[in-house]
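J.: Each residue of the sequence shown is one higher than the last, beginning at 256 in my numbering.
I should point out that these hints are in silico values taken from the structure, not numbers from a laboratory. There is no bait here: all hints are sound.
Derived lysine-lysine pairs resembling PhoX-like cross-links, with alpha carbons at most 25 Å apart: (1) Lys316 / Lys504; (2) Lys601 / Lys559; (3) Lys485 / Lys550; (4) Lys586 / Lys550.
Model, not experiment: these values are computed from the prediction.
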Amino acid sequence: MLRAVMRPLPFVRPRPTPGRALSRAISMGKFSWATVDPEKMSGSNPANAQNFVRGEWQDTKSTMNIIDPLNGEEFLVVPNTQLDEIGPFVEGLRSCPKYGLHNPLHNPERYVMLGEVCHRLSVLLGDQEIEDFFTRLIQRTVGKSWAQCKGEVVTCRKWLASFSGDNVRNLGRSFALPGDHSGQETRGYRWPFGGVAVITPFNFPLEIPLIQTLSALFMGNRPLVKVDEKVQIVFEQMVRLFLHAGLPKSDLDLLWSNGPLCMEVLKQGDSKMTLFTGSQPVAELLTTELRGRVKLEDAGFDWKILGPDVLDIDYVAWQSDQDAYAYSGQKCSAQSILFVHQNWIKEGFLEKIKALVTYQAKMTIGIPTRSLSPSLSLALSLSLSLSLSL
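Could you put the whole structure together from the sequences, leaning on the hints where they help?
T.: What follows is the structure, given as structure tokens:
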């Protein structure tokens, strides 16, 4: 049996948020690419966002306000793109030919260029103040713990480092097969789709759109990107860092809009493939409306199985509670069901789980062993209030 020799402590005090030091670095011009200060944006000093299309940052006629999940203030003013403003986005999707911005036979220099961009981005995200900037910005929009927000930034940095140099080009590796007579052979190439779309949810506002957008670019596609509008400011700032690191301005578009308008852009623009991460009802709608030209990352149903050997029961109870409820379970890897051998039950495992859940339910300020996100809807707030009163 494999036994763990190291494990995290149930509670490690997170690194303090950067506060004034981060704002000072922004004011001194170190963040020449950034347009928001995650420490200062508030109801009295809201940050502003823009669409990115045709290689330019653009405002819209109408805007909408995004609410701070911690206090209800309107701390972001973002574009509310209207139907008569979608023309450039439709044109962007249609402008990319079916052979893409590059492929193994056309513009192969772009593979190398994108590897260099990844290298520069990984170096930039390794800067402590830039890491703090994105960590804090994620925290302001979704309310996760500092450690969880930082985890997104670190994951992105390591992923970018892994595709530095020639690894983008290596990803496009092709194959050849000898024929059965002289002069015949078969060659297979990893080919792009052309104009594509990337649509991502609120729970990981940096990691999911960054990895999926750059993956689309690696293979020669030209993506239109839409993140959930409540958190898209995080990726909007990352796109600005992309450009700062040398990504060509014409490589992608960033759209702020509601779901129905985005659907209209995809249909009019004839998106050749749409990568969607989110709920099953929206996934089914996209599948129908886009005639099956979708790739879906749907919700998971994750099992944990505890076998007959009982070890570290306090830690396992804590970890099971953490896996199910950290970040309110808003992650694909959240524990959905727990199967427990009777030996664990005899040792009081269920009582320990119950004690953890009861303790967390009674906490109103400060949760030392896991993070629960703010209630983002009236229905959820009423449901939580009912649960706590039982």
